[in-house]
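So you can see what is in the structure, the chains are spelled out below.
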Amino acid sequence: MKRFYFFGFLILVAFDTAVQLAFKYAGNHAFPPEANWAWIVRVFGHPWIYIAVIGYIGNFFTWMTLLKHAPIGPAFAVTHLEVVSVMLFSVWLFNEPLTWPRVAGALVIVAGIVCLAFAESGSHPEHDAPTEAKGALGVAAGD
Amino acid sequence: MGPLAVFLWLLNVTLDTIGQLAFKAAAGDPEAGDGIARWKYMASRPWLWVGVISYAAEFLVWIAFLSLVDLSEGVLLGSINIVVIMIGGRILFREKLTPMRVTGILLVTLGVAIVGVAGGG
Numbered sequence: 001m002k003r004f005y006f007f008g009f010l011i012l013v014a015f016d017t018a019v020q021l022a023f024k025y026a027g028n029h030a031f032p033p034e035a036n037w038a039w040i041v042r043v044f045g046h047p048w049i050y051i052a053v054i055g056y057i058g059n060f061f062t063w064m065t066l067l068k069h070a071p072i073g074p075a076f077a078v079t080h081l082e083v084v085s086v087m088l089f090s091v092w093l094f095n096e097p098l099t100w101p102r103v104a105g106a107l108v109i110v111a112g113i114v115c116l117a118f119a120e121s122g123s124h125p126e127h128d129a130p131t132e133a134k135g136a137l138g139v140a141a142g143d
Numbered sequence: 001m002g003p004l005a006v007f008l009w010l011l012n013v014t015l016d017t018i019g020q021l022a023f024k025a026a027a028g029d030p031e032a033g034d035g036i037a038r039w040k041y042m043a044s045r046p047w048l049w050v051g052v053i054s055y056a057a058e059f060l061v062w063i064a065f066l067s068l069v070d071l072s073e074g075v076l077l078g079s080i081n082i083v084v085i086m087i088g089g090r091i092l093f094r095e096k097l098t099p100m101r102v103t104g105i106l107l108v109t110l111g112v113a114i115v116g117v118a119g120g121g
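Chain order of the listed sequences is A and B.
Mapping to full-length UniProt numbering: the first sequence position 48 is 48, numbers consecutive.
Mapping to full-length UniProt numbering: the second sequence position 79 is 79, numbers consecutive.
A couple of the hints might just be wrong.
[Said to hold, decoys possible] Pairs of lysine-lysine residues, derived as PhoX-like cross-links and limited to a Cα-Cα distance of at most 20 Å, are as follows:
no., chain 1, residue 1, chain 2, residue 2
1, A, Lys68, B, Lys40
2, A, Lys2, B, Lys96
3, A, Lys68, A, Lys24
4, B, Lys40, A, Lys24
[What the hints assert, rightly or not] What follows is a list of derived Cβ distance ranges for each label pair:
no., chain 1, residue 1, chain 2, residue 2, range
5, B, Thr103, A, Trp100, 21 to 29 Å
6, B, Asp34, A, Ala38, 44 to 52 Å
7, B, Ile36, A, Leu88, 33 to 41 Å
8, B, Thr103, A, His29, 39 to 47 Å
9, B, Val117, A, Tyr56, 25 to 33 Å
10, B, Pro3, A, Ala111, 33 to 41 Å
11, B, Ser72, A, Tyr50, 24 to 32 Å
12, A, Ile54, B, Arg45, 20 to 28 Å
13, B, Gly35, A, Asn28, 34 to 42 Å
14, A, Glu34, B, Thr98, 45 to 53 Å
15, A, Glu34, B, Phe59, 37 to 45 Å
16, B, Pro3, A, Phe89, 35 to 43 Å
17, B, Leu10, A, Gly122, 42 to 50 Å
Since the hints were made in silico from the structure, they are not lab data.
Bear in mind the structure is a predicted one, so any value in this text is a computation, not a measurement.
Think of the CB as a built atom: it goes at the ideal place given N, C-alpha and C, for glycine as much as any other residue.
Could you build all of it, start to finish, from the sequences and the hints given here?
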């Protein structure tokens, strides 16, 4: 289960990051933004927007696979590792400034995810789902 | 922040919460089975589509919201979704909120909020 979570979230964050970076590249290639057909043509005229769409699809299937077992509360929190990865890639690829407040925020996010990983290693995640999900839907009492 | 921005913010939190809880309901259904059959089963049930429709609506609401506030302010306000979804998971799916889990979730929320305040530097 640990391996399932580790690689699952790693793949999810990779897709999330790819989507955001592709959106940024798509926007840059289509610059300047305009409320007209020409802008739409420019957006769809570069491969970046298609990479974003593929990333969205990959993200969806990965997320639905993770949610088969993962509790939604902690899992949704973990997906915010994307904030950190996108920040680091933005510094590298787009020369965005890495200020101290942003670094502090990133470190707090990582600390939170470390806490969630510890919480999971000390519990039995299979007890969270799917029986409880079934109960909540009123199909049958979970426990 | 004007009343329209507040309305769009609350609508975003609501749609995000409904979407994520619906996805969890679809993905965690023990009747769904495994492999391709699982995806077919999920596609035949309402929850997956409730999630997809919520997300499509949220996408537009988020764009409208961001046109009224700064991106950093939007990210800051959006971080509340993490806490609301945690509470939703507790109520609907009886997810255990151990001290370690709550600490982790609150730290991630705080971190996202700090990045929001920090903005683009």
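Against the structure, the hints:
With a CA separation close to 15 Å, the supplied pair lysine 68 (chain A) and lysine 40 (chain B) stays within the 20 Å bound. Only pairs whose Cα atoms come within 20 Å are accepted, and lysine 2 (chain A) paired with lysine 96 (chain B) is accepted, the gap being roughly 18 Å. The suggested pairing of lysine 68 (chain A) with lysine 24 (chain A) is violated, with an alpha-carbon distance near 31 Å, which exceeds 20 Å. With a C-alpha separation of about 34 Å, the suggested pair lysine 40 (chain B) and lysine 24 (chain A) falls outside the 20 Å cut-off, and the hint is violated.
For the pair threonine 103 (chain B) and tryptophan 100 (chain A), the supplied restraint of 21 to 29 Å holds, since their beta-carbon distance comes to about 24 Å. Between aspartate 34 (chain B) and alanine 38 (chain A) the beta carbons are some 47 Å apart, a value that agrees with the proposed interval 44 to 52 Å. Roughly 36 Å separates the CB atoms of isoleucine 36 (chain B) and leucine 88 (chain A), a value that falls within the hinted 33 to 41 Å. For threonine 103 (chain B) and histidine 29 (chain A), the Cβ-Cβ distance of about 42 Å falls inside the hinted range of 39 to 47 Å, so the restraint holds.
Valine 117 (chain B) and tyrosine 56 (chain A) have their C-beta atoms about 28 Å apart, which keeps the hinted 25 to 33 Å range intact. In this structure the hint that proline 3 (chain B) and alanine 111 (chain A) lie 33 to 41 Å apart at CB holds, the actual value being about 36 Å. Roughly 29 Å separates the CB atoms of serine 72 (chain B) and tyrosine 50 (chain A), a value that falls within the hinted 24 to 32 Å. In this structure the hint that isoleucine 54 (chain A) and arginine 45 (chain B) lie 20 to 28 Å apart at CB holds, the actual value being about 26 Å.
Checked against the given bound of 34 to 42 Å, the beta carbons of glycine 35 (chain B) and asparagine 28 (chain A), roughly 40 Å apart, stay inside it. The hinted window of 45 to 53 Å between glutamate 34 (chain A) and threonine 98 (chain B) holds, with their beta carbons roughly 51 Å apart. Glutamate 34 (chain A) and phenylalanine 59 (chain B) have their C-beta atoms about 20 Å apart, which leaves the hinted 37 to 45 Å range violated. The beta-carbon spacing between proline 3 (chain B) and phenylalanine 89 (chain A), approximately 37 Å, falls within the hinted interval of 35 to 43 Å.
Hint check: leucine 10 (chain B) to glycine 122 (chain A), Cβ distance near 36 Å, so the stated range 42 to 50 Å is violated.
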